[in-house]
Amino acid sequence: MQVKVFITPRKGILDPQGRAVEQALKTLGFNQIADVRVGRYIVLEVAGASAAGVREAAKKMCEQLLANPLIEDYRFEVGAE
Amino acid sequence: MKWGVVSFPGSLDDRDTLYALREVMGQDAIPLWHKDESLGGARCIVLPGGFSYGDYLRCGAIARCSPIMRSVVRFANDGGLVMGICNGFQILCEAHLLPGALTRNRSLSFICEQVTVRVANAHTAFTRSARKGALLRLPIKHGEGLYTAFDDELSAIEERGQVLLRYVAPDGSARDEANPNGSINAIAGVANERFNVFGLMPHPEHAIEPRLGGDDGLAIFRSIIESAA
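Protein chains in written order, with numbering that gives the first Met the number 0: chain A, 0 to 80; chain B, 0 to 228.
Hints in this document: simulated from the structure, not taken from any laboratory.
Worth double-checking, as some hints may not be accurate.
[Said to hold, decoys possible] Just some of the chain A residues that point at chain B, by a computed CB distance under 10 Å:
{"id": "1", "residue": "Leu13"}
{"id": "2", "residue": "Pro15"}
{"id": "3", "residue": "Gln16"}
{"id": "4", "residue": "Thr26"}
{"id": "5", "residue": "Val42"}
{"id": "6", "residue": "Glu44"}
{"id": "7", "residue": "Val45"}
{"id": "8", "residue": "Ala48"}
{"id": "9", "residue": "Ala50"}
{"id": "10", "residue": "Leu64"}
{"id": "11", "residue": "Leu65"}
{"id": "12", "residue": "Asn67"}
{"id": "13", "residue": "Leu69"}
{"id": "14", "residue": "Ile70"}
{"id": "15", "residue": "Arg74"}
[What the hints assert, rightly or not] Here are the simulated distance ranges between beta carbons:
{"id": "16", "chain 1": "B", "residue 1": "Ala155", "chain 2": "A", "residue 2": "Arg74", "range": "26 to 36 Å"}
{"id": "17", "chain 1": "A", "residue 1": "Lys58", "chain 2": "B", "residue 2": "Gly53", "range": "39 to 49 Å"}
{"id": "18", "chain 1": "B", "residue 1": "Arg21", "chain 2": "A", "residue 2": "Glu76", "range": "44 to 54 Å"}
{"id": "19", "chain 1": "B", "residue 1": "Glu192", "chain 2": "A", "residue 2": "Gln16", "range": "27 to 37 Å"}
{"id": "20", "chain 1": "B", "residue 1": "Val23", "chain 2": "A", "residue 2": "Gln31", "range": "19 to 29 Å"}
{"id": "21", "chain 1": "B", "residue 1": "Glu192", "chain 2": "A", "residue 2": "Val42", "range": "17 to 27 Å"}
C-beta atoms are modelled at their ideal positions from N, C-alpha and C, and glycine is treated no differently.
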């Protein structure tokens, strides 16, 4: 089963990379931007028949390694493909 | 005193640390490999600077899963002395042996320069040979040294005196321009609640001989030797 994990800097955390991208977009004329945060996208293939089991494993993987919950928010999607 | 210096794939300062301990401080220091589980009877473990595992995922996140880190965590929980320098500091935060986290410098630039830090707490195994308020000139070289901790945790760290080093101007004054990476409260080095684990971004192992630009780093190593005596 495929798991897509999205990790972004936690709200309230200084994200200098996001800020630099925001500034660059504004210099291109995209002035409607209110906030940019730059994160990571991880795609996993996980063995397991039950989506619930995979979801539980994915949550543990995020908590223990893929994200640092002190400074990052994460969410994931579990899909068949 | 016996020291163990851990090498991870991508560690850079392991040899400099061994040199500082052996040649300059006259200590018995052994190299430890990340796949080892034994700490070789060392009384202080140093996790050196560098880019363990290429800084993949987050700095220190992969290294903290190494076999040797299980032993280091156990050693620290038993009260053993552990010091993490730069990447070692990042590894200790990722291993939850130290509070908080280290993220990208606010300038987004890699910084390589001499900084001044003030000893904020001199009653610890890592700072006891310095006076409180003493200024140390030490080099830094990192891209992700911005220390962060949140609200309750940050106030607890401050109240308990866990901040051992703070970035200051060369004259000792606290100024925002003297904070090279944007760390909260200008924190350059922090200890755990039990004061047996210490992480710092500046490199004491590179400040051990006047001909290399200064020897203020000796105060840190000397403190540890005194406290273990």
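*Evaluate the given range 26 to 36 Å for the C-beta pair formed by Ala155/B and Arg74/A.*
holds (29 Å)
*Verdict for Val23/B, Gln31/A (Cβ pair) under range 19 to 29 Å*: This hint is violated: roughly 58 Å between Cβ atoms.
*Can Glu44/A be said to touch chain B, with a Cβ gap under 10 Å?*
violated (18 Å)
_Hint check, Arg74/A versus chain B [nearest Cβ-Cβ separation less than 10 Å]_ = This hint is violated: Arg74/A lies away from chain B, its Cβ roughly 17 Å from the closest one there, beyond 10 Å.
*asked:* Hint validation: Leu13/A versus chain B, beta carbon distance must be below 10 Å. Holds or violated?
replied: At 6 Å from the nearest chain B Cβ, Leu13/A passes the 10 Å test, so the hint holds.
_Is 27 to 37 Å respected by the C-beta to C-beta distance linking Glu192/B and Gln16/A?_
holds (32 Å)
*asked:* For the restraint on Leu64/A, tell me whether the closest CB of chain B is nearer than 10 Å.
replied: The hint holds - Leu64/A has a Cβ within 10 Å of chain B, the shortest such distance being about 6 Å.
*asked:* Less than 10 Å between beta-carbons is the criterion; does Asn67/A satisfy it with respect to chain B?
replied: holds (6 Å)
_Gln16/A as chain B interface residue, shortest Cβ-Cβ below 10 Å_ = holds (6 Å)
_Interface hint outcome for Val45/A [beta carbon to chain B under 10 Å]_ = violated (17 Å)
_Interface restraint verdict for Val42/A against chain B (beta-carbon cut-off 10 Å)_ = Constraint on Val42/A not satisfied, violated at 14 Å.
*Once the shortest beta carbon distance from Leu69/A to chain B is found, is it less than 10 Å?*
Hint holds; Leu69/A Cβ to chain B Cβ min 5 Å, cut 10 Å.
Consistency with the previously given hints fails for numbers 4, 5, 6, 7, 8, 9, 15, 17, 20, 21, ordered from lowest to highest.
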